[in-house]
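S.K.: Here is how the chains run, residue by residue.
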Amino acid sequence: MKKPDLNELGNLAAYFERLADQAAQRGCYGLQDANLVLAEAVRVLQSDNPASNNLFPLVGEWFDLVEKFTQAPKQTASEMTTYLRRPELNIPMEDEEFAMLGEQLLNDANAAALSPNEASDITVARTTPSIAEQHITDEQVAYIEQLANQAAAEGLYGLQDVNLLLAETLRELSGDAIVDSGLISALSGWHDLLVDYRKEPRVKAEALINFLRHPGLKIPMGDDEFAMLQEQLTTEAEANVTAQEQVVDIQAVESIPEGDPSSDKNSLSGVSRIAQELVDLLLMQIGQIRDYLQSITIGNNESLLDSLQEVGDDLERFSNMAKTAGFGGLSQVATHVTGNVQSFQASIEGFTTERLDLLLDWTGQVQEYLPSFNDSDAGQLILVGLTDEQWPMPLPFEEMVAILQQIRAESSVVGEDPVLTRMEKATDEDISLVLPGDVNQELLEILLQELPIQTQQFSEAVQRLHAGGSEQDVQLAQRVAHTLKGSANTVGIKGIAVLTHQLEDILLACANEQKLPNRALANSLINAADCLESMSESLLGVSPPPSDAKVILQEILDWANLIDKVGLPERDDETTSPVAQERGVTESEETDSPSQLQATMIRVTSEQIEELFRFSGESIILNSQASDSMRRMKKQMHAMKVQFSLLQELGAELEQLIDLKDLTGRSFGVVDTNFDVLEMDQYNELHTASRRMAEAAIDARELSLDVTKELDRVSEILESQQRMVVDTQEVVMQTRLVAISTIAPRLQRSIRQTCRMTGKQSELTVKGDTIMIDGDVLNALVDPMMHILRNAVDHGIESPDERRAHGKPPVGQIAFEFDREGNNILVRCRDDGKGLDYEAIRAAAESRGLLQSGQDVTDEELKSLIMRPNFSSRTVSTQTSGRGVGMDVVRAQILNMGGTLNLHSVQGQGMTIELRVPLPLSMTYALLTYVGHYRVAVANKGINQIVYSKEGEVILEGNKETLLLEGVIYPVARLIDLLHIADHRKIPRPYDAILLVQNENQTTAVLLDAIFDSLEVVIKGLGRYLGKVPGYIGATILGDGTVTPVVDIPELLRAPVRVLTGDYVAPVEMADPTLNLPTVLVVDDSLSQRRALEQLLADAGYRVRSARDGIEATDILAHFKPDVVLTDLEMPRMNGIELTAHIRSHANTSSLPVIMVTSRTTQKHKKMAEDAGVNAYITKPVREEDLLTEMENLMAQQTGNVQAQNIAQLS
Amino acid sequence: MREDKLIADNSLNAVIFPSTAIGSANPEVKVEPVFGIRVGSVGLLVSADRFCEVLDKMQVNPIPNLHPWISGLLNLRGNLVPIYDLKLVLRETGENNKRFLFAIDKGEKAIALWIDNYPEIKDKLVMKPIRQLPKLPDIFQRFVIGGYEHSGQVWLDVKFEDLFKTLGRHQYTSEGMAI
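Note that the protein sequences, when read in sequence, are chains A and B.
Residue 624 in the UniProt record's numbering sits at position 624 of the first sequence, with consecutive numbering throughout.
Residue 149 in the UniProt record's numbering sits at position 149 of the second sequence, with consecutive numbering throughout.
These are calculated hints, taken from the structure and not from any lab test.
Because the structure is a prediction, the values reported are computed rather than measured.
Glycine included, each C-beta is placed from N, C-alpha and C at the ideal position.
Keep in mind that a hint or two might mislead.
Claimed, not checked - Below, a sample of chain A positions facing chain B; criterion: calculated Cβ distance under 10 Å:
#1 F63
#2 M393
#3 R1024
#4 P1045
Said to hold, decoys possible - Cut-off 30 Å, straight-line C-alpha distance, at most; resulting in silico cross-link-like pairs (DSBU-like, lysine-lysine):
#5 A:K1028 / B:K57
#6 B:K106 / A:K1028
#7 A:K709 / A:K634
#8 B:K159 / A:K1028
Given these sequences and hints, build the entire structure.
M.R.: Following this line, the structure appears as structure tokens:
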């Protein structure tokens, strides 16, 4: 900024001092004091803000008051003190002092020290200081020149011209001894004319012109020239009115009492903080240009040319900057001046000191213009000098008018950011916790994890502020609010985003002004913290949404708006909350909306779910064991029943035999011989024993029937229990299910990015995405699906022109279809691109030596070639394909999941890639069989039919066996061979059962020794040490407690493998396909923001590492150098600026591209980032394409720099 | 210093707790109790901080087409626990009449291995570190992080978890497929 020019102030203050002297000479000491006080105040004000225009109307008012004081001092004394108390004058006096001054003024009046004549003298003295002498004095001329300057400062150039014309004329007349007394008299009314003109410019313009036509003045101008001047005065009329309105507006703001930030003398009143920053930035630039101009010396044409070139370049940059900042008019003017500078260069001889002064004057005018840009006529400042003929290309009048209009139009919108316009009224939508339809589940999960912790942190910080607190608490609360805002915006929870946005602004204002919130504000912050916690709980399903959210948001909004207008309240101000009274009323009106109530949810760790799942599996196994026992017991009971029946029969038989024996007379004992055996039954012990035995046998049988009934009942209970545990397990399994639609946005994003990078056009449709599948499987599928999608766009879809040439619509169609197929998830990716180019594949294979030239191969064989590692038919690698991963890797990923990958391609019409991936099984129906001496459970997966061996005929054709069954020939495999179990039997192996197993498009007959049981089994993984073993789904624990592997026959048929049984062979690790990808380090303290960026960049084909703050990032950078760093600005421990400084200060990272991704939108932050060495500054919410483009550009630049360095080193 | 041998009831699986006998009455005397187990001629040390148990009368369930050094799976309280036969890895040829199953850790982290004797409880601090480890098969050697000598026996400190994970990783070939 240039040093303040004190000349103008001196004049104005001197006038007040002279008035004070005159008042003192007449004994008006009150008036003297008042004028002296005012002189001092004006001096201070103008030294603080030399360009201030607000003083001139104020001064005018004072003159009126002084005049009035001379007429009615008693009535005016109090008005004068009121005037002196005006805040814009900022007179540093206490109330008592003002009161004393008022008394002095009254004393002046009471003492009648001021006679009307004397008063008149004083009054005349301010307009025409020695007019009684009938001469025009220099002082009078100076005063009118002062008025001209005042008009110019206000942008009233017509008025300036009029005053200057008058001053010039008067100066010529000032030497004359005798001046027309009528002129002198008229001159005393000049001031009033001006005042009238200001009030009604359109009407009174003519009066000014008429004054100039006064014959005593003898102004040598024709009627048309006067008419033009009048026209100019009238043209200014509208602007002048607007200017007055603005003055009123500003005064309205200024009249706000304490704590008004606009009272800051260094800031613009009535403009936004952003506009202030833009102005500061432009002022800095123009200041530098001006400094440079001042350093230019005329004389050496060569250096002068260089200097002008520099000035021209700087002006061009300034013009661009002004344009970017929204100062389009200033930009145009700067461009015009740049053109003039170029003209100066073209004829350097003519560049004189006067012309250098032109440039200096203009830069000075820009410096004056910028602080008052919001004055609609301030633009005239930077235009007025440009019509000067000294310029090689003076600004044409029409152009000047057009630019002026533009500047006027811009004056009210510069720095306005619609996004930043603060809302005033909270709506239901602003507090909504409804999740967006396409919410990213992963990010939501992370937010839900972060939310309780961060809301608690916020609450604690605010509580501390309420109890006193410190600036650290303000900063912490602001940072947490900032993080929450970002996370909520990322996920799409408006209620939290809006509230935290307002909270952040309030806390930021506290931080900037280093002022702690007063109690009322702290109370509101606590309410907001509680509301945030309630919102967090509601999202977690613990409680309904807070009923007072809208009231609290309104309270916070009121604070934020109040702070915008008048700044922060004083610390000890016990102001009540702006909505404290309203709250109670509104609270009672709030009711819970049933639709807003959410199902109660709890969060548990995945380990707990796994345990639950394991326990439910164990319960099923125990139940199976009990059921097995029960089956055995029932069998035993059945056997017992048979035995008891036998016993009963034997008893009956024995009884019969004994009876017969008795009839034969061979009694076992003699009881009474007087009776014939027919006369009386005679029983002995044998009878009794046999009868008792028969009865016991009957009883035992009865008992066994009872036990059987009881066993049946227990059996039913066990069955019910089993159903229940199976249901339990299914419910637990469902907790792991995720809808496929949750990844649809990522797929859409990926296709957009790939299209952008390849310049192709394609649309993605996703079908069947409502299917729920295991979350782990879905996660594992995302990567191969992304690769397939990128490859489809890059390799499959043709360019729009090519497609048109082939009669296809320019936009390619890619479809992802999901379907359940038994226990598999089937994923099809269809595109309508060009399909596989078999000729290109053949050529590539021949060039790599995979095929002999002219070798006869089928399309199927050629197709299989693209599954080979690093095989590419492309001769030129594009950025996408270079970043893409080959089909071999995709296939390996799918196989690793136990799935299959098939390609179907029609040249010119498109390709379909089919993925079939098994879903995890918790239970399966299985056949128990022995294979060699191993007992295995064969899962029913893929088994279409079980037939007995006798139903088909195994035919041996050469080495190959086939099965002829009902006229169909099936290839044959033996399970013992598939499992590579040694068979030492010498006789041909028998087979009792044949399984017809469907594998992909083929049905194979699998021969088994025997099936001895079939049952439902619970599948358990083989544990952390064995992991996935090909051919096995897992293992199961049978009812007898033994462990049996569960065999997956389709997998064995698809990829028959034999374990290497020799010495341990170090596994051949598949090269990490991501190793060649460009790398990026993401640094952000918000987990959800970090994860969102990680996901975006990974989907875009970057290898991503992340850090939580600058410290962690520096640790990573110590041993890992990414291609680019993305960092947030505000982070704990080490922020983004410090991190960038760290990166720049280390030799091996000094040139590392750094992109700052932040929600801070102001130039101030941007400037700070640029100063620290940030290469690009991107504001949140991030436009993906902007970010990716920026990253690519920076990496390309970096590559170019490195190549250039290498070349330089070589040369 | 005296050595303790855990006498296990053959009818029960025995959980091993670090013996109090190894501790000193004087709390200032530091001890670092470890279990010493023997696989053939090789002695291995297992930190006494880990849950260990000797298993008896457990049914070993063999699984086809796994590495030969994986004897099968155990059903240990509902967890499937792989059983490793380190003798095959160490190429130890000596025969034992009776071997014991020794389980380290519990739950899904549990593994079991065959050992030749009941574990001995020792104090690692009184063992003498050795500079030169005996020559062992590469796959095993990679996971040996130290060796000690005590009572004429070399005891090896091994990263068991990494060793068992590596031994559990299967390498397959499609050579010699049936179809």
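S.K.: Would the hint linking B:K106 and A:K1028 be met if the CA-CA limit is 30 Å?
M.R.: Holds, at roughly 21 Å.
S.K.: For the restraint on A:F63, tell me whether the closest CB of chain B is nearer than 10 Å.
M.R.: Not OK, violated: A:F63 not within 10 Å of chain B, min 94 Å.
S.K.: Just to be careful: measuring from the Cβ of A:M393 to every Cβ in chain B, is the smallest value less than 10 Å?
M.R.: Nearest chain B Cβ about 81 Å off; hint violated.
S.K.: Would you check whether A:P1045 satisfies its interface hint, that is, whether its CB is within less than 10 Å of any CB in chain B?
M.R.: At 5 Å from the nearest chain B Cβ, A:P1045 passes the 10 Å test, so the hint holds.
S.K.: Take the C-alpha atoms of A:K1028 and B:K57, compute the straight-line distance between them, and say whether it is at most 30 Å.
M.R.: Cα-Cα ~28 Å, so holds.
S.K.: How about A:R1024: closest beta carbon in chain B under 10 Å, or not?
M.R.: OK, holds: A:R1024 within 10 Å of chain B, min 6 Å.
S.K.: Holds or violated: A:K709 and A:K634, Cα atoms, limit 30 Å.
M.R.: holds (10 Å)
S.K.: Keeping to a limit of 30 Å between CA atoms, is the pair of B:K159 and A:K1028 held or broken?
M.R.: Holds - the C-alpha atoms of A:K1028 and B:K159 are around 22 Å apart, at most 30 Å.
Hint check: violations occur at hints 1, 2; the rest are consistent with the structure.
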